[in-house]
Structures are given as structure tokens and as C-alpha cells.
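Trainee: So the sequences go chain by chain: A and B. Be aware that the first sequence starts at 1, since it is given in my numbering, and climbs by one per residue. Be aware that the second sequence starts at 517, since it is given in my numbering, and climbs by one per residue.
Read the hints as simulated data drawn from the structure, not as lab findings. Nothing here was measured: the structure is a model prediction, and the numbers come from that model. Do not take every clue at face value.
What the hints assert, rightly or not - For the chain A half of the interface with chain B, some residues (derived, Cβ under 8 Å), not all of them: (1) 295; (2) 368; (3) 370; (4) 372; (5) 373; (6) 392; (7) 403; (8) 434; (9) 481.
Positions of the beta carbon are idealized from the N, C-alpha and C atoms, including for glycine.
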Amino acid sequence: MGILSLLILIPLAGAALLHFIKNENVAKYFTLAVSLLTFVISLVAYFQFDNKALGFQLQEHYDWISSKSVSISYFLGVDGMSILLVLLTTFLVVIGLIGTWNSITKNVPGLMALLLLLEAGMIGVFCSLDLFLFYIFWELILIPMYFIIGIWGGERRIYAAVKFFIYTLAGSLVMLVAIIWLGVEASKISGVFTTDLIKLTTLSRSLPLDTQNYLFWAFALSFAIKVPLFPLHTWLPDAHVEAPTIGSVILAGVLLKMGTYGMIRFNLGLFPQASIENASILCVLAVIGIIYGALVAIAQTDVKKLIAYSSVTHMGFIVLGIFSMTREGLQGAVIQMVNHGLSTGMLFMMFGMMYDRKHTRAISEYGGVAKITPVYATFFAIAMLSSVGLPGLNGFIGEYLTIMGAFLSPVLHSWWYSIFSATGVILAAVYLLWMYQRFMLGPITNESNRSIKDLSMREIVSVVPLVIFMIWIGIKPMTFLKTSESGAYTLSNSLLGVAPEKTNDFQIVQPQVIIK
Amino acid sequence: MAELIPYIVLFPLIGFAVNGLFGWKYKTNPIAGVIATLAVTASFVVACIIFAGMLGADAEHRTLHYTVAEWLNVGKVNVGISYLVDQLSIIFILVITGVGALIHLYSMGYMKGDLGYARFFTYLNLFIVMMLQLVMADNYLLTFLGWEGVGLCSYLLIGFWYEEVKNSDAAKKAFIVNRIGDFGFLVAMGIMLVAFGTLNIAGVSAAALGTGSSAAITAITLMLFLGCTGKSAQIPLYIWLPDAMAGPTPVSALIHAATMVTSGIYLVARSNILFALSPATLSVISVVAIATALLAALIGIFQNDIKKVLAYSTVSQLGYMFLGLGVGAFSAGVFHVLTHAFFKACLFLGSGAVIHAMHHEQDMQKMGGLKKYLPITFWTFLLATLAIAGIPPFAGFFSKDEILWRAFSQGSFFLWLLGVLGALCTAFYMFRAVYLTFYGSERFDAHHHPPKEVGAAMYIPLIVLAILSVLGGLVGIPEALGGTEAIHHWLEPVVGEGEHMAIAHITIHGEGMEIALMIVSVAVAAIGILLATRYYKSKTTLAGNERKIGGFYKLAFNKFFIDEIYNTLIVRPIYSFSNGFLYKIVDVKIIDGIVNGAGALSAWFSSVARRIQTGIVQNYAVMIVVGIVVLIGYILVF
Chain A
1 MGILSLLILI PLAGAALLHF IKNENVAKYF TLAVSLLTFV ISLVAYFQFD NKALGFQLQE
61 HYDWISSKSV SISYFLGVDG MSILLVLLTT FLVVIGLIGT WNSITKNVPG LMALLLLLEA
121 GMIGVFCSLD LFLFYIFWEL ILIPMYFIIG IWGGERRIYA AVKFFIYTLA GSLVMLVAII
181 WLGVEASKIS GVFTTDLIKL TTLSRSLPLD TQNYLFWAFA LSFAIKVPLF PLHTWLPDAH
241 VEAPTIGSVI LAGVLLKMGT YGMIRFNLGL FPQASIENAS ILCVLAVIGI IYGALVAIAQ
301 TDVKKLIAYS SVTHMGFIVL GIFSMTREGL QGAVIQMVNH GLSTGMLFMM FGMMYDRKHT
361 RAISEYGGVA KITPVYATFF AIAMLSSVGL PGLNGFIGEY LTIMGAFLSP VLHSWWYSIF
421 SATGVILAAV YLLWMYQRFM LGPITNESNR SIKDLSMREI VSVVPLVIFM IWIGIKPMTF
481 LKTSESGAYT LSNSLLGVAP EKTNDFQIVQ PQVIIK
Chain B
517 MAELIPYIVL FPLIGFAVNG LFGWKYKTNP IAGVIATLAV TASFVVACII FAGMLGADAE
577 HRTLHYTVAE WLNVGKVNVG ISYLVDQLSI IFILVITGVG ALIHLYSMGY MKGDLGYARF
637 FTYLNLFIVM MLQLVMADNY LLTFLGWEGV GLCSYLLIGF WYEEVKNSDA AKKAFIVNRI
697 GDFGFLVAMG IMLVAFGTLN IAGVSAAALG TGSSAAITAI TLMLFLGCTG KSAQIPLYIW
757 LPDAMAGPTP VSALIHAATM VTSGIYLVAR SNILFALSPA TLSVISVVAI ATALLAALIG
817 IFQNDIKKVL AYSTVSQLGY MFLGLGVGAF SAGVFHVLTH AFFKACLFLG SGAVIHAMHH
877 EQDMQKMGGL KKYLPITFWT FLLATLAIAG IPPFAGFFSK DEILWRAFSQ GSFFLWLLGV
937 LGALCTAFYM FRAVYLTFYG SERFDAHHHP PKEVGAAMYI PLIVLAILSV LGGLVGIPEA
997 LGGTEAIHHW LEPVVGEGEH MAIAHITIHG EGMEIALMIV SVAVAAIGIL LATRYYKSKT
1057 TLAGNERKIG GFYKLAFNKF FIDEIYNTLI VRPIYSFSNG FLYKIVDVKI IDGIVNGAGA
1117 LSAWFSSVAR RIQTGIVQNY AVMIVVGIVV LIGYILVF
């Protein structure tokens, strides 16, 4: 068995074993052990991964449903972009678990089992190289998330859970149709119905452009709901507000990236021509999302809702980077996925810590808390600044590269994408700083807040690794960008190789001087 | 020599790390201040050694490079954490670390006993680190890191006493307004990448020289200048700086007078070739600069908060610096940065001493007669005031006069005239401040709380800065007065080419004309001082006297209602639009309404269709019969 299968099977087996554990504490420590083991194995996978090699590595291939005319297989493999997301997943599960250790008191073993199931599904999504297998993992995730929101959520949890489930399921079904259609088209050409991503990558290019377009949109719709891209985002605030902290952390931290990952892997990978043709539409929606999400975030009075809308903004940058199709844009998108996982994950987790103490999400209930909990205020400020996109922290690298990618993109024939998206930088400061001020600064407006306790050692242990990575990515992003480089560059080259030359507003001149 | 460069940054970085990690342990213990002050002093010493080395080298060998590490290398974005120290940056480095060290020392006295003592010095050292990134970077992206980094420190320090809403409001305002400028910087970098394929400062300049003037260069420079209007407080984004006075006074001296706010001047001077290639941008800069210089000077006349007077004066002086840049006199702008750092830091620290002695009173209406209580503060304040007023041979005279002279010879008569008018206001409001604070009757309770002169930690920096305010101008005495213009020759290799290109036309005037104009501006400054003396020197009260002026007083006193206008036209509409329209209508009603509507629609459809499933067998039989009939009918007809 390969290492990627191990990564999926260990949490899966852990989830199954949790069935026999009834003691809450045992369940928690067991889950922590399983997720730590998974994390360590993912690190091993990362170190086995060769940054310089091209194509998918650590491949595993077993025939599954296979006959003369059908070829569906259990096919795993990672490139630099997916291995980073796998690491993010295994890392955030551990962190989220430690950070929310005492938050849940109801049916702990059940939640733990769902969490591990979720982890298995997410890793599966990022590792599948067979569309059929991908689809199974993709749908697998819905179930644990549905229950996590629906059982452990807030007051309107049922509404939020059902909305989340049906909304994303509706998108997925369209994708299922597209996968089957693609297989059928493949069998027309090669005689075999296949869902093998690598085979389809070559086959799909010979499809008529119309077909490519339909298929492109079927995938794009499903992914856009997951991202979520404006105007398909309204399930997100509801889901976040109602989800328990651990649910929000995983939802924001990893689940949303499945959408953007899918766009890179399937939309760009399978349908280059359709991607180029439709890039501007998706980028317009992304830019609208960036500004719209930020403006709506300004209006929020509920911290979790505010962070949820900020996700719409941040994910917009990722989509913009992806469909700029440039090296800068794709690399920016990948690192922005990691960044958003870290910073928004941390914001949700830290707010969850406050929620455990105060049990209210209304900003107006707080104010001046920094005076009472200075350590909390410091860490929250770092997460907030990372989300603001302050240079020196991680968020900046992703936003900057995606904006530059859009500037340089030969498929987007205008600078307005970048210029409008850059206004998101201003607006991010507005809603986040204002939130921070109302939350943390000023006089203590609510006397009952004086008894709030500062972060415990356990909580500090859970946020410090996040801060370390925020600074690491901010100062030395190449550690991570080098990993995704070959994947992103290959994809960008193959896409822009078929793109028409850009009619530039200005002549591009290479500098003649070499500095030092 | 180049291998010393990283140490300039390293010492304050260590200070930041030590105080940041362990500061919570030693709270109000002066150790935090000692560490921070020593760190900046050490970095000043290193800077001096490098400077000495540069002085000893030929002009061509004064450019030093040092690369610490690769930072970002993706596609065309290829930048390192790499430093460039040359004639231009060393001036800024010396000011940042030198004046910075003095202000650190001063802060040890000023912040004594404050509960956030260690936190204060942590921020202050971080500021020094970031400011050094800004002026030492060899590429625009690293400059931008410093640019936003100092913005963060400014935010943290303005809102240092965050328990007061006013302070955290001011901090937030500063950050957001600066972000508007940063947006410009960001866009400028994007256009640079498209047009020149590099972010290296020298590379961009060289490539721009290759292409000559173009729309791209104008776009880049305008966007960069938008960044400058934020950081360096010019119209339309200057509004944050007066509010920033909410921070502790040493912060106002260091960040909001001597260093950070001059970043814009540094950026333009550093990119002088780009700006020189866009005459349109230079014209914009000149117009904005002179308008800012005048507007802020007018507002400064009637402010009663001593720090607000100095804040508007800073905005106004920054306008003068940009005026120099706008007419292509890049080195003159930098010269004024240097002298301004001395006298304005001295003024701010002096005002801090006054505020300290007055138990945190900032309103000059409640001061007066402090001369005898605070002799050191008074004399240093007076010297610095003479410097800013433009009285020879104090530092400000030489630098301001040079800007005015270049505005006249390279710009136009009107720029000069308005500049002189601003100088009149400057002399007037500064001496108004001196008289209200140090002369006249004591408008406070002197018996119970007699003001006390500050301690050595605070007056040593005052004295050093006062000396520099007197002598600092000597590095730039014009040739017309028999000087050597040392600072211009020093900067020539960096900004010379830009200066040549920027000057589209120069009206040749003799030295006689230059001296004549000097006499005019000195006379104007003297008039300003005399007017202030007449109206304020021996006045016992203020109330009523100024109000008699009427309309103009109201306008200037209320800062021309610019903040109110912005609030009404921009801030509130954006919030109402976001909350009332986008969120409550578009998001909740329309978008989510459609989503929930789709759900409701299918629920309704099901509830209708459900009625077919009655569970009564007879109904099903009827349906079967109807179905068969329809089917047969269909077959028969078609």
C-alpha cells in the first residue's frame, strides 16, 4: 500500500474504531493520536516528494471497475499543489482539535469519528487522479459536515445544515453528469469509458469546443458553489454561523479549497480552451466577490458572519489568480489557499475560544477586551493582520501574486481586474480593523466581560504553530512555492501555449541592465 | 563595507524580538527602554561607520549592495531581501537611527511608569526595522514591505492607549487612509511588471530610460504619488496625520514628523528617473504640494492644541518638500527632509516636555508663562521655531529657501508666491504657539502643581536636536552665499540625471535675483513673527479675540470641514450602501431569496404533486384509465 492510501485509510480506520470508544476523553486522545499520525505521515509524503520532478508523484493505481469497455480505477497521486493542500488538511485537523479541545461536550466520540471521516475525504479529494474516485470523496465530505453542523451547531443549525447539503449537492450532481458525459465522449474516441484524469487530459482536448464548454461549466458550477464564488455564496455565512468552532475551522480552512483545487485540476487541466474562453466571466465574478464580500462584511454585527464574508473576498483572489493562468497567478492561488486556511482558520478558532467563554457572537457584547485578555488580543491581532494582507505575513504573498498574475495575464485583456481587486486591500483593512476595534479596543463596555480568562496554555499551543507558519510564509514563501512550482508552471505553460498573444496596452521591454 | 549593512537592521530587530518575547515579564522596568535604545544606537554607530567609509570612497564607489536572502521568485516577480545603501539612503538611515536613538532615549523618560512601557519600546524598535526596510530596499516590493510595516507600527502606536475610543479611532483612520495610498503603490508595481518586467528599482529606472516617456510611466508615477499622499500626508489623504497626534508625543516626533511621513519624499527621490520622465506627474505633484502647504498652514493658524499646530505644520512642511520634488529639485526636497527632521523632532519633543510638565494638558489656552518654569525646553523650542520660520542662519532657512528658489526658477512665479505666503503663515503660527505657551500670563494653577523642567533623559535629546536645528543647514549653503552646496554634490550621482531630465525649462537668473528673493522671504518671515508678537505676546486671554475675525476664522479653526465632507460624501454612503442595500437587500432578499425561493418552489411543487398520492385505490385506478386513454389517443392521432 502506498503512502497516500495510508493517509486516507488511517483516519478512516480511526473513525471506524471510534465506534467502540464510549469514553469522551479516550475518544479525544485517540483522535488526536490518529490525526497526529496522519500529520506525520503526510510530512513523510512531503519529504518523499521531489520538488523538481514533473507530473504526479507517489502514484498508486489499482483497477477497480474494469472491463474491455470500462476503465475506472483507484488512482492516487499528488503534484506540488495537492501535496501542500494535503499538508494543510492534516495540519489543521490537529490544530483544530487542540484548539477546540473543551468546546464540545455533547456526544464527543461521534464528533471525533465524523472529523476523521472528514479528514479522510478531504485527503482523498486532493489525491484522486480518477474522476470517479474524486467524486466519491467529494460527496463523502458532505455527510460528516452535514452532521457536524446539524448536531453540534447553533440555534438555526438544521436550516444551515440542510442548506449546505442541498446547495452543494445540487452542484455536485451536475458534476456527476459531466463526469459521465466526459467518459462517454472518451469512449467514442478511444473505445473505452474512462475516468482516468491523465488519459482524459489528452482526450478532452480533441472534443468539439461546444462540448468542452458545456463540460467546463458543469464542473465550474459545482466548484463555484464550493468556493463559494459570488453569487453562489449565501450558504456559507449560514453554515459558518451555525457550525461549531471545529466545523468552521475545517470548513473555512480546507473545505472551500476543494472548490478552487477542482478549478485548477479539472477546469484548467481538462478544458484549456474553454478555460481561456470563459476566464473573463469567472474573473469578473471573482472580482465582484472580492469587493462585494468586503462591503457586506463591513455591515456585519456578528463576528462569525463577518469572517465568513471575508472568506468570500479571499476566495475571490484565489479564483482570480487561477483564471489569470499565469505563473504568478497560479502560484499565488495555491499559496493563498494555504494562507486562507491558516488565517481564517485561526480567526474562527480564536473567536471560538472567546465564544466558549462568553457565548455570544455579537460584536457589541464585547469591547475593550484587550485590556482583560492581552495574550488573546495579541494573537487575534496577528491573525487579523494576516487576513488584512500585511506584508511580512502570509496573506500578503497570496494576494500580491494573484493581483500581479491578473496584471500580467494574457487571457484577461484588461487591467481593471487587478485594479478593482486591489481595492479589496483597502476594504479588508476597513472591516477587519473596525471589527478588531469594536471587539478588543476602547473602554470595557460590558462589565461582565471583566471575568473573561486569558488564553490557557493549551490554547496558546494551538495557535503558536499557526503564527509560525504565517510568519514563515510571509518572510520565506519560497519554501512552499518551490513545492508547487513545477505543477503550477507546467499548467500555466500548457494553457498559455494555446492562448492568443495578448495585445498589450504597453510594449513589454526587458530591462537591459543586470543588477550586480 | 557592504557586509556591515545587515547589522543596521539586525540590532533593532533583536531589540524588537527580546522586548516582544519577554517584555510582559519586566513590565515597567526600564530595562526594555535600555535594550531598545541601545539597539538603535548600535545601528546608528554602524550607519556612521558605513557613512565614514562612503565619505572616504570615490563617488562611483559609494553604492553598496547586500543580499540577505531570496524572498519571492515567481515568474516575473523576482525580488530578494536585498539592500541598497547609497548616498540617498544613507541620509535617511542616519536620520532614522540617529534621531531615532535620541527619541528612544527621550521616551525612556516620557513613558516612565506607563503600564505598556515594554510594549511601547517593542513597537518603536519594530518601527525602526520597518523604516529601514523602506529606505534600504533595492526593489519596490521590499520597499512596500517597509511601507506597510511602518503603517502598522504607526497604527499600533497611535492607538497605544487603546482604552480611549478617540485613540483607537485615530489609529484605525491612519491605517485605512494609508491603505488607500498603498493601493496606489500596489497598482504601480503591477504596471511596472507589465511594462518593464522587473521590480528592481535600478532595473525599472534603466528600462524606463530605454523606453522614454510613456503613458505607462505616467500611470506608474501617478499611482506611486497616490501612495505618497497617504504616507506623507498630502491632499487628499492628509487627514489622518492631525488625528495621529493621539499617540504618545515621542511617536509624533519620530514617526509623524521626522521619519515615516517623509517616506513619500524618499520614494519619489529614489524613483527620480521615472518621475522625471513624466512631466505630467511632476505638475500634479507641484500643484498638490503647494495646495497642501498652504491649506495646512492656514489651518495651523488657529489651532489651540499644541500638537495639532505642529501636526498641521508638518503637513505643510511636507508640502514644501514635495514642491521641491515637483519642480525637479529632488535634492532640495531631501535637504528639507533632513533639516525638518531636526527642528520638527525638537519641536515635538519640546511640546512633549511641556505636556509632561503640564500633566497631560495640550491646550495652549491653559498654558502661558512657562518660560521661567521650563528654561531648557523654552530655549530649544525657540531655536527650532526660528529654524522652521526660515530665519537665517538656522537650518530651515537654507532648505526652505532653496525649495522656494527652485520653485521660482524651475517652476513658476506663482508657485514661489504661494510658497512665500505659506512661509508667512508658518512664521506666524509657530510664534503664536511660542507666545501662547511660554509667554504671557499663567493660565493654569501654578500653586498646586508648579510645572517642573524635564529630566536629563528628556532634555539631552532636546539640546542635541536644537543644536542640529541651528547648524544642520550648513551642509547645504547655496553658492550664492559663498557655500558649497555639499548635500547636492553628495546626492548628484543618485538624483542628478533625474534633475536634468525633469527641468524642462529653466529661467536663468543671476545670483543677484537669488539673493533678492532670499531677502524677500526673510522679510516675510520677520513680518509673520512681528504679527504674532503683536497679537499674542502679552495677551492674557485668547477667547473672543480670534473669533472676531469671523468667517475665515471659523473655516480655518474647523479645518475647512474636510473631515466632515469626507464623512458625508464617502464614509457614511459606503456604510449605508453596504449595510442598507448590499447586505440587507441584495444579499439577504435577492440572492438568498432566490436560493430559498428555489427551495420553497420545489417544496410547493411537491406539496401539489403529493396530492396525487392519496392512498385511495380508486383514485389510482382512475389515473390508470386516464393514462391509458391519453396514450391510446396519442398513438391513434400520430
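Trainee: Determine which of the earlier numbered hints do not hold for this structure and return their numbers in increasing order.
Mentor: Hint check: 4 and 5 fail, others pass.
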